[in-house]
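Novice: Start from the sequences, fold in the hints, and give me the full structure.
Taken in order, these protein sequences are the chains called R and Y. Number 81 in full-length UniProt numbering belongs to position 81 of the first sequence; there are no gaps in the numbering. Number 383 in full-length UniProt numbering belongs to position 383 of the second sequence; there are no gaps in the numbering.
Now the in silico label distances, taken between C-beta atoms and shown as ranges: (1) R/Arg32 - Y/Tyr574: 55 to 61 Å; (2) R/Ile23 - Y/Ser621: 19 to 25 Å; (3) Y/Asn602 - R/Ile23: 24 to 30 Å.
When the alpha-carbon atoms are kept at most 30 Å apart in a straight line, the in silico BS3-like pairs for lysine-lysine are as follows: (4) Y/Lys159 - Y/Lys115; (5) Y/Lys169 - Y/Lys544; (6) Y/Lys447 - Y/Lys530; (7) Y/Lys159 - Y/Lys549; (8) Y/Lys599 - R/Lys102; (9) Y/Lys598 - R/Lys102.
No lab work stands behind these hints: they were computed from the structure. Every residue, glycine too, gets a C-beta built ideally from N, C-alpha and C.
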Amino acid sequence: MGNVLNQIGIENYIFLAVILFCIGVFGVLYRRNAIIVFMSIEIMLNAVNLLFVAFSTYHQDAQGQIFVFFSMAVAAAEVAVGLAIVVSIFRNLGSIDIDNLKNLKG
Amino acid sequence: MDSLALLLLLSPFVGFLINVFFGKKLGHNGAGYLATLAVVVSFVATLVFFLGLNGGAKPSEIKLFDWLSVNNFNIEFGFLLDQLSVLWLMFVTGIGSLIHLYSVSYMHDDENRHKFFAYLNLFVFFMISLVMGSNLLVMFIGWEGVGLCSYLLIGFWYKNQDYNDAAKKAFIMNRVGDLGLLIGIFILATLFGTLNFTELNATILGGTNAGNTTWIAAAALALFIGACGKSAQIPLYTWLPDAMAGPTPVSALIHAATMVTAGIFMVTRLHVLFDLAPVVLDVIAYVGAFTALMAATIGLVQNDIKKVLAYSTVSQLGLMFLALGMGAYEVAVFHVITHAFFKACLFLGSGSVIHALHGEQDMRNMGGLRKAMPITFVTMLISSLAISGIFPLAGFWSKDEILMVSFHGNKALWVIGSVASVLTAFYMFRLMYLTFFNDFRGTDEQKHHLHESPALITFPLIVLGTLAAIGGLISLPGHSWLNHYLAPLFAEKTHEAHHLGTTEYLLMAVATVGALIGIGIAYAKYIKQKQLPETDENISGFTKVLYDKYYVDEAYEAIIVKPINFLSRFFRDYIETAVAGFVFGFARAANEIGYQGKKLQNGNVGFYLFAFVLGVCAIISYVFLAK
Numbered sequence: 001m002g003n004v005l006n007q008i009g010i011e012n013y014i015f016l017a018v019i020l021f022c023i024g025v026f027g028v029l030y031r032r033n034a035i036i037v038f039m040s041i042e043i044m045l046n047a048v049n050l051l052f053v054a055f056s057t058y059h060q061d062a063q064g065q066i067f068v069f070f071s072m073a074v075a076a077a078e079v080a081v082g083l084a085i086v087v088s089i090f091r092n093l094g095s096i097d098i099d100n101l102k103n104l105k106g
Numbered sequence: 001m002d003s004l005a006l007l008l009l010l011s012p013f014v015g016f017l018i019n020v021f022f023g024k025k026l027g028h029n030g031a032g033y034l035a036t037l038a039v040v041v042s043f044v045a046t047l048v049f050f051l052g053l054n055g056g057a058k059p060s061e062i063k064l065f066d067w068l069s070v071n072n073f074n075i076e077f078g079f080l081l082d083q084l085s086v087l088w089l090m091f092v093t094g095i096g097s098l099i100h101l102y103s104v105s106y107m108h109d110d111e112n113r114h115k116f117f118a119y120l121n122l123f124v125f126f127m128i129s130l131v132m133g134s135n136l137l138v139m140f141i142g143w144e145g146v147g148l149c150s151y152l153l154i155g156f157w158y159k160n161q162d163y164n165d166a167a168k169k170a171f172i173m174n175r176v177g178d179l180g181l182l183i184g185i186f187i188l189a190t191l192f193g194t195l196n197f198t199e200l201n202a203t204i205l206g207g208t209n210a211g212n213t214t215w216i217a218a219a220a221l222a223l224f225i226g227a228c229g230k231s232a233q234i235p236l237y238t239w240l241p242d243a244m245a246g247p248t249p250v251s252a253l254i255h256a257a258t259m260v261t262a263g264i265f266m267v268t269r270l271h272v273l274f275d276l277a278p279v280v281l282d283v284i285a286y287v288g289a290f291t292a293l294m295a296a297t298i299g300l301v302q303n304d305i306k307k308v309l310a311y312s313t314v315s316q317l318g319l320m321f322l323a324l325g326m327g328a329y330e331v332a333v334f335h336v337i338t339h340a341f342f343k344a345c346l347f348l349g350s351g352s353v354i355h356a357l358h359g360e361q362d363m364r365n366m367g368g369l370r371k372a373m374p375i376t377f378v379t380m381l382i383s384s385l386a387i388s389g390i391f392p393l394a395g396f397w398s399k400d401e402i403l404m405v406s407f408h409g410n411k412a413l414w415v416i417g418s419v420a421s422v423l424t425a426f427y428m429f430r431l432m433y434l435t436f437f438n439d440f441r442g443t444d445e446q447k448h449h450l451h452e453s454p455a456l457i458t459f460p461l462i463v464l465g466t467l468a469a470i471g472g473l474i475s476l477p478g479h480s481w482l483n484h485y486l487a488p489l490f491a492e493k494t495h496e497a498h499h500l501g502t503t504e505y506l507l508m509a510v511a512t513v514g515a516l517i518g519i520g521i522a523y524a525k526y527i528k529q530k531q532l533p534e535t536d537e538n539i540s541g542f543t544k545v546l547y548d549k550y551y552v553d554e555a556y557e558a559i560i561v562k563p564i565n566f567l568s569r570f571f572r573d574y575i576e577t578a579v580a581g582f583v584f585g586f587a588r589a590a591n592e593i594g595y596q597g598k599k600l601q602n603g604n605v606g607f608y609l610f611a612f613v614l615g616v617c618a619i620i621s622y623v624f625l626a627k
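Specialist: Structure representation (structure tokens):
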């Protein structure tokens with residue numbers, strides 16, 4: 001495993017994770033389609049997962065990898081719930097544009 | 001014995017509780033008879049103690065529990081049954097029983113009878129705790145309690161706003177006095193470290209702090225202010241005449257026989273203290289004498305039968321304070337007792353008259369009732385003779401002793417007291433002549449319904465009339481049972497033997513002649529010349545000043561009530577506005593922030609997400625920058 005890091009370098013993993021995270025953030029901020037927003041959130045999550053794994057290898061410590069398992073499981077559950085909500089919204093409104101979701105106005 | 005004392009105390013309280021909660025269900029007169037029974041039980045218990053004490057038994061002190069215990073200062077909740085308190089209880093419960101019985105008939109068609117009797121019972125309970133309390137604080141409970149009951153009963157017919165005002169006036173004036181009493185209690189607690197009567201007496205006689213005359217005088221004066229409030233002395237007397245708004249039995253019980261004597265009781269209780277403050281005793285004597293004179297002059301021209309009796313009560317209380325001021329405490333107690341007899345009888349008699357005339361209280365509309373109401377007439381006549389001081393009725397002996405001690409103490413006060421007595425004889429017989437003699441001056445309908453009151457009303461009258469006649473026997477000069485009975489209380493005093501010399505007989509003669517002159521003038525004016533008091537509009541000159549009670553109420557209104565009202569308005573309009581503005585400012589600010597913040601929640605999910613990312617960024621930068 002160590003040799004993987006030797007060949008590529010920890011900093012490249014960090015750059016990749018940052019880029020992925022930023023893509024996720026901008027996706028969340030700029031896209032109006034609920035499913036794409038959702039995917040962007042997933043990208044952010046995975047950016048973090050990637051960092052976890054990279055540092056876990058770097059420090060020779062398995063804890064980070066265990067964390068990743070947990071966060072993947074949680075993400076799976078979240079997707080299940082989230083997609084169900086999106087389906088329900090589509091059935092009610094006929095659209096999944098988040099700009100149309102103004103019923104929660106205070 | 002302890003349980004008997006508790007029975008004595010709690011019997012009226014149980015009566016009160018039952019009447020308050022179930023009085024309505026007890027049938028037409030059930031509440032009344034129950035209340036009477038409760039007081040009779042107390043009377044019987046008192047009688048047991050009284051006979052014991054009279055037979056030479058030791059006074060008993062009952063400690064129920066420690067009430068307050070701070071450092072070395074301890075107040076227990078306890079009761080003291082000694083000669084003085086038992087004597088007081090005798091006439092409180094005795095006359096109380098008679099008046100309860102009287103009320104059963106007097107109040108029989110009032111829809112709130114059960115409430116009336118509940119209040120009466122509560123009053124008796126508080127009066128008993130006032131008298132029986134073994135320390136000043138327990139006495140204070142009773143003191144406040146009787147004030148409360150007085151308020152409730154004066155305003156018993158609460159639908160009349162004037163009566164409510166009278167009740168409030170009585171309560172507030174008493175509060176002024178109560179403040180004095182409280183201050184006195186505080187000073188005593190500081191000086192002597194105890195409020196227990198027995199310990200106080202022992203400490204004062206033992207000489208602790210006895211040299212601290214300024215503070216002792218201050219305490220005595222403060223206590224006397226308390227007594228002024230309760231016992232209606234200048235300057236706090238104006239509530240008592242107004243208190244006649246209450247039903248007549250209330251006037252008889254509370255505002256003539258019992259509650260108003262609480263001040264005299266308290267001074268007698270603490271006489272050791274007052275003896276150390278001769279200045280205060282002088283003040284008491286002068287206040288008493290002037291109250292006696294002033295109230296008597298006002299009584300001369302009043303036309304409301306109860307008002308005359310009210311001013312007469314104030315005047316007689318003044319005489320009692322005159323005796324107290326002379327240091328003749330047992331004489332004051334003697335007059336308290338005889339006064340309780342004849343004044344209760346007079347009030348109940350006037351109640352009987354008012355009852356027969358269906359609520360008429362103005363003597364100008366009475367007259368000629370002698371034939372229609374013989375029992376009321378005879379008993380009231382006896383009582384009037386007694387209060388005027390005619391030999392050998394009760395009032396003669398007690399009033400004569402007061403005048404005698406003041407003659408030996410201070411000639412000027414003797415003159416004032418004697419003049420007050422002559423005036424008393426005059427206004428009492430003015431009342432008698434206007435009410436019972438000549439022809440009836442009321443409406444024909446009233447005349448048609450004139451009748452002697454039922455037995456429940458006449459029985460107490462007969463008993464009290466008899467007592468007013470023979471009550472003097474308890475303290476005949478030379479052979480005074482009362483002085484002998486009370487002697488243990490005044491053990492520290494060296495009693496000069498009561499010898500009856502020429503001076504004493506001369507004084508008796510002067511007093512009797514004075515009384516006869518008063519009666520004679522009344523006779524000449526109202527029987528011989530058949531004069532009638534003027535109608536309200538025609539009263540003029542000095543009579544008008546007297547009729548309007550020296551404008552004391554108006555003066556109080558201008559000097560005290562108006563400035564206080566002004567101050568209240570000032571506080572309401574300016575100070576409260578400022579404070580409220582400040583406090584409400586916070587509420588308004590919170591409201592405004594919430595209103596503005598509400599706009600953030602605009603339902604735009606994109607905006608929410610933006611805020612969410614911004615928040616995450618903020619947290620991350622905070623975590624990094626903080627490190």
